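Trainee: For the sequence shown, the working numbering assigns the number 53 to the initial residue and increments by one for each residue that follows.
There could be a bad hint or two in this list.
[Unchecked claim] Label-pair distances were calculated between CB atoms; the ranges are: (1) Ala-127 - Lys-153: 12 to 20 Å; (2) Glu-134 - Arg-98: 28 to 36 Å; (3) Ile-97 - Arg-151: 17 to 25 Å.
Keep in mind that the hints were calculated from the coordinates and are not lab data. This structure is a prediction, so every number in the text was calculated from the model and none was measured. In this text, a Cβ means the ideal position worked out from N, Cα and C, and glycines have one as well.
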Amino acid sequence: MWAFGVPSRVCYADGTSAKRTTSIRNGLVTSAQVRAARGLLGWTIRDLAEKAGVHRNTVTNIETGRYRGDPATVAAIRAALEAAGVEFLPADNGGPGVRLKT
Numbered sequence: 053m054w055a056f057g058v059p060s061r062v063c064y065a066d067g068t069s070a071k072r073t074t075s076i077r078n079g080l081v082t083s084a085q086v087r088a089a090r091g092l093l094g095w096t097i098r099d100l101a102e103k104a105g106v107h108r109n110t111v112t113n114i115e116t117g118r119y120r121g122d123p124a125t126v127a128a129i130r131a132a133l134e135a136a137g138v139e140f141l142p143a144d145n146g147g148p149g150v151r152l153k154t
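Use the sequences and the hints to build the structure in full.
Mentor: Dropping the structure here:
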């Protein structure tokens, strides 16, 4: 699990957002999860942007919660992280998180 002092902002696959969630089903991820996943992989913002096929400003804005992301963008970012071995964890055990698949 990860811990960040930044409030989570949720990015849903349909492009809507919210501050908190209890599930990551149906393609939603928090901005903190994106930051944490990128950190686990040792990727820069540029690395994630290139692998997801999006602009690096888009990654920055999603990670800071300034942009919730359209469905295709969120899906591309999540897919790039999952392809590299990141597993997104639901909120059941103290909040949403990420870990590397074993």
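Trainee: Run every hint past the structure and note whether it holds.
Mentor: We went through each hint and held it up to the structure:
1. Ala-127 - Lys-153: 12 to 20 Å: holds (19 Å)
2. Glu-134 - Arg-98: 28 to 36 Å: violated (19 Å)
3. Ile-97 - Arg-151: 17 to 25 Å: The hint (17 to 25 Å, Cβ to Cβ) holds, given that Ile-97 and Arg-151 are roughly 21 Å apart.
Checked against the numbered hints above, the structure breaks only hint 2 and satisfies the rest.
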